[in-house]
Amino acid sequence: MGGRARLQVILVALAAAATMAAAGFGLEAVALPRPGRGLLVAAGAVAALDQFRFARTVEDVDGRRLRGTCYEGWFRGGGTRRPVEGAATVFRGRGAVVAAGARVWTFGRDSLGRRVAATALRLACPKVLGGVLARTLIRGRVGVARARVDGQSAYAIGFRVRHEHVWFFVGRPRLRPIAIRVLGHGVTGIADVEVGAPKPQIRHVLEILRVDRRRHAVPA
Amino acid sequence: MQSLPDSAGTAPAIALPRLGAARLRIVGWWAVSRGAVVTTALVVHAVRRPHGYFDADVAHHPIALLGLWDGEWYRRVAEHGYLLVAHKQSDPAFFPLYPVLLRAAHALGLPYGVAGVAISNVAFLLALVVLYELGRELLPEHLAYRATTLAAVFPLGYVFSMAYPESIVLAGMAGAALLALRGRWFACAIAVAAATLARPEALFVAIPVGAVAASRWRSLEPQQRGGALAATLAAPAALVSFPLYLDWTLHDPFAWNRAQTAWGRSFRVDGFTHAVATLPGTPHPWLYRDAALFVVYLALIGAAARAGVGRAWIAAALLIVVLPVWSGSFESEGRFGLLAVPVYWGLAAALRRPWLARAAHATCLALLVAGTVSLKFVFP
Numbered sequence: 001m002g003g004r005a006r007l008q009v010i011l012v013a014l015a016a017a018a019t020m021a022a023a024g025f026g027l028e029a030v031a032l033p034r035p036g037r038g039l040l041v042a043a044g045a046v047a048a049l050d051q052f053r054f055a056r057t058v059e060d061v062d063g064r065r066l067r068g069t070c071y072e073g074w075f076r077g078g079g080t081r082r083p084v085e086g087a088a089t090v091f092r093g094r095g096a097v098v099a100a101g102a103r104v105w106t107f108g109r110d111s112l113g114r115r116v117a118a119t120a121l122r123l124a125c126p127k128v129l130g131g132v133l134a135r136t137l138i139r140g141r142v143g144v145a146r147a148r149v150d151g152q153s154a155y156a157i158g159f160r161v162r163h164e165h166v167w168f169f170v171g172r173p174r175l176r177p178i179a180i181r182v183l184g185h186g187v188t189g190i191a192d193v194e195v196g197a198p199k200p201q202i203r204h205v206l207e208i209l210r211v212d213r214r215r216h217a218v219p220a
Numbered sequence: 001m002q003s004l005p006d007s008a009g010t011a012p013a014i015a016l017p018r019l020g021a022a023r024l025r026i027v028g029w030w031a032v033s034r035g036a037v038v039t040t041a042l043v044v045h046a047v048r049r050p051h052g053y054f055d056a057d058v059a060h061h062p063i064a065l066l067g068l069w070d071g072e073w074y075r076r077v078a079e080h081g082y083l084l085v086a087h088k089q090s091d092p093a094f095f096p097l098y099p100v101l102l103r104a105a106h107a108l109g110l111p112y113g114v115a116g117v118a119i120s121n122v123a124f125l126l127a128l129v130v131l132y133e134l135g136r137e138l139l140p141e142h143l144a145y146r147a148t149t150l151a152a153v154f155p156l157g158y159v160f161s162m163a164y165p166e167s168i169v170l171a172g173m174a175g176a177a178l179l180a181l182r183g184r185w186f187a188c189a190i191a192v193a194a195a196t197l198a199r200p201e202a203l204f205v206a207i208p209v210g211a212v213a214a215s216r217w218r219s220l221e222p223q224q225r226g227g228a229l230a231a232t233l234a235a236p237a238a239l240v241s242f243p244l245y246l247d248w249t250l251h252d253p254f255a256w257n258r259a260q261t262a263w264g265r266s267f268r269v270d271g272f273t274h275a276v277a278t279l280p281g282t283p284h285p286w287l288y289r290d291a292a293l294f295v296v297y298l299a300l301i302g303a304a305a306r307a308g309v310g311r312a313w314i315a316a317a318l319l320i321v322v323l324p325v326w327s328g329s330f331e332s333e334g335r336f337g338l339l340a341v342p343v344y345w346g347l348a349a350a351l352r353r354p355w356l357a358r359a360a361h362a363t364c365l366a367l368l369v370a371g372t373v374s375l376k377f378v379f380p
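For the record, the sequence lines run as chains A and B.
Read in our numbering, the first sequence has 73 at position 73, and its numbers run on one by one without any break.
Read in our numbering, the second sequence has 190 at position 190, and its numbers run on one by one without any break.
Read the hints as simulated data drawn from the structure, not as lab findings.
Computed from a predicted structure; not experimentally measured.
Positions of the beta carbon are idealized from the N, C-alpha and C atoms, including for glycine.
Each hint should be verified, as a subset may be incorrect.
As the list claims (entries may be wrong) - With a straight-line Cα cutoff of 20 Å, these simulated EDC-like cross-link-like pairs (lysine to aspartate or glutamate) come out:
1. B:88 x A:85
2. B:88 x A:50
3. B:376 x B:55
4. B:376 x B:57
5. B:88 x B:252
6. B:88 x B:72
As the list claims (entries may be wrong) - Here are a few chain B residues that sit away from chain A, every Cβ distance over 12 Å (derived from the structure):
7. 78
8. 79
9. 183
10. 249
11. 291
12. 379
Claimed, not checked - If we take Cβ atoms under 10 Å as the criterion, some of the chain B residues that face chain A in the derived model are:
13. 77
14. 81
15. 84
16. 85
17. 216
18. 227
19. 236
20. 248
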């Protein structure tokens with residue numbers, strides 16, 4: 001086969017392949033709906049939480065003001081042999097709350113009641129809330145609106161978790177968590193969130209969690 | 001690819017049917033097998049036993065059983081489009097053709113749940129007819145016919161009636177190969193592209209299609225050669241369209257890869273050993289079924305090779321069956337192997353004796369019904 005015929009073969013094949021790729025793209029673009037901007041923002045906020053393992057919060061929950069540092073990662077202890085993913089928040093002067101696997105521990109003097117502790121943990125740990133948001137997002141039951149929080153342009157991502165209304169405020173455009181608000185039966189709270197923490201505070205949190213292995217989860 | 005002459009001294013296990021009568025009988029097998037699956041789903045809905053398994057998921061519609069598992073995801077894509085949720089199981093893991101068809105059927109007035117089952121069952125009829133015609137090109141008539149009837153009643157074949165794309169993929173793959181054998185290259189390319197847009201493993205049909213093109217290259221005119229080459233390139237071309245679309249809609253061309261990872265489907269070098277090592281004591285007992293089917297599929301592919309099925313088909317079938325295990329799990333291996341066409345040819349070749357073939361058909365049909373009942377609590 002001469003060079004010209006060979007070139008014809010290749011051109012026909014490439015043209016057909018390009019046409020099929022374009023037709024495939026066109027079919028998908030025309031036939032399938034695109035997610036709304038709000039859902040993309042919410043999905044982006046969930047993805048943005050990956051960067052943060054620590055967060056500091058000042059929260060008002062059930063009439064109490066709490067200052068806490070949240071660590072999110074892997075834990076050992078509490079009868080578990082393998083590390084399990086979880087979150088722990090150390091509240092200044094109020095003990096700590098640890099949620100790892102399917103269990104929640106509260107400890108320390110003047111420790112919080114279980115229900116308050118669960119809400120306090122969600123307010124303190126954006127990634128914990130992000131996990132709930134992700135599951136809700138898959139079902140598409142999330143609303144997003146523009147907002148202003150602490151003078152910043154933000155998105156308010158709203159969704160329901162059982163009997164609670166939750167609003168997760170993230171900054172525009174980087175989607176860093178700014179604040180969390182929970183409105184539920186009997187327990188409400190709002191938290192200012194600052195992701196990341198100074199190294200001394202991180203060391204302090206990890207040391208507290210290592211004390212008394214019998215009761216506390218230990219960061220893996 | 002080669003046509004295999006009847007072995008000397010071996011009588012056909014089933015009387016050689018005339019062509020038209022054979023096709024009608026295949027339609028009959030389709031009707032019987034699909035009727036069994038759909039009837040079972042209706043009975044499950046009506047009986048609602050055992051308690052705790054047949055809940056609202058199954059109760060809300062008579063054929064809801066056939067829309068479970070991945071069918072819900074395909075429906076979600078058809079209704080809402082794709083959305084990648086980081087580190088969670090999300091829908092960019094599912095290829096787009098089936099949701100496109102669901103949406104088209106819904107636009108014609110069908111509810112999504114009914115549309116999925118209808119599309120799958122109609123596509124399966126086409127798949128069986130095309131599978132038979134393809135088999136006749138490569139094997140003796142009686143083996144092609146037996147392979148097709150066995151495909152109709154294959155135990156995991158309830159998937160072909162579910163809101164899953166497997167029927168479309170099987171029809172596309174078999175159709176592409178048949179069109180290649182008949183020299184209709186551009187139509188072959190379209191069939192390959194369509195099948196690949198439904199499930200990515202359809203790209204392996206490019207191996208036998210490419211083998212046909214290579215074997216006939218010298219006799220093809222330049223334009224036909226262009227078509228033959230296009231048919232071989234059709235699968236990667238179709239594959240490229242999906243990340244392009246995901247980039248356009250989600251601003252992430254790798255959304256499929258990320259979603260697959262969240263689903264636990266990312267390839268690893270030690271995938272096979274990990275799959276074997278994690279099998280004992282698994283909390284999901286249906287993995288034993290999938291592991292057993294993995295072995296069965298390999299044996300049947302071997303039987304197909306001994307029966308004279310060409311190396312290109314054997315290679316494609318091995319890739320379809322073996323590659324998923326390198327994600328580290330045997331999960332869904334039974335379903336993946338449904339698209340390895342030589343499995344049916346190998347099974348047909350192994351069942352030479354008439355009584356054995358009849359027993360196999362009856363057993364498969366019974367297992368097909370049992371498998372349909374198990375759908376609520378066993379992931380296909």
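Status of the hints after comparison with the structure:
For a cut-off of 20 Å, the pair hint linking residue 88 of chain B to residue 85 of chain A stands: about 14 Å separates their Cα positions. Proximity of residue 88 of chain B to residue 50 of chain A is assessed by CA-CA distance (about 12 Å); at most 20 Å being required, the pair is judged to hold. The hinted pair formed by residue 376 of chain B and residue 55 of chain B meets the criterion: a straight-line CA distance of about 9 Å does not exceed 20 Å. For the given pair, residue 376 of chain B sits about 9 Å from residue 57 of chain B by alpha-carbon distance, which is consistent with the 20 Å threshold.
The suggested pairing of residue 88 of chain B with residue 252 of chain B holds, with an alpha-carbon distance near 16 Å, which does not exceed 20 Å. Annotation: proposed proximity of residue 88 of chain B to residue 72 of chain B holds, straight-line Cα distance about 16 Å (limit 20 Å). Not every CB of chain A lies more than 12 Å from the CB of residue 78 of chain B, the least distance being 7 Å, so the non-interface label is violated. For residue 79 of chain B, the non-interface assignment is contradicted: its Cβ lies about 7 Å from the closest Cβ of chain A, within the 12 Å cut-off.
No beta-carbon of chain A is positioned within 12 Å of the beta-carbon of residue 183 of chain B; the least distance is around 15 Å. The claim that residue 249 of chain B is not at the interface with chain A is violated, since a C-beta of that chain comes within 12 Å of its own (minimum 5 Å). Distance to chain A confirms residue 291 of chain B as a non-interface residue, since its nearest Cβ pair spans about 24 Å, more than 12 Å. At roughly 18 Å, the least C-beta separation between residue 379 of chain B and chain A is larger than 12 Å, which holds for a residue marked as non-interface.
The restraint placing residue 77 of chain B at the interface with chain A holds, with a minimum CB-CB distance near 7 Å, inside the 10 Å limit. Of the supplied interface hints, the one on residue 81 of chain B holds, with its beta-carbon coming within about 4 Å of a beta-carbon of chain A, less than 10 Å. With a cut of 10 Å, the hint placing residue 84 of chain B at the interface with chain A holds, because the nearest CB-to-CB distance is about 6 Å. Hint on residue 85 of chain B holds. Least Cβ distance to chain A is approximately 5 Å, under the 10 Å limit.
Given hint, residue 216 of chain B at the interface with chain A, is violated; its Cβ is 14 Å from that chain's nearest Cβ, farther than 10 Å. For residue 227 of chain B, the interface hint holds, since its Cβ comes within 10 Å of a Cβ in chain A; the closest pair sits about 7 Å apart. A hinted interface residue such as residue 236 of chain B counts as satisfied when its beta carbon comes closer than 10 Å to some beta carbon of chain A; here the least separation is about 8 Å, so the hint holds. This hint holds: residue 248 of chain B has a C-beta 7 Å from the nearest C-beta of chain A, less than the 10 Å allowed.
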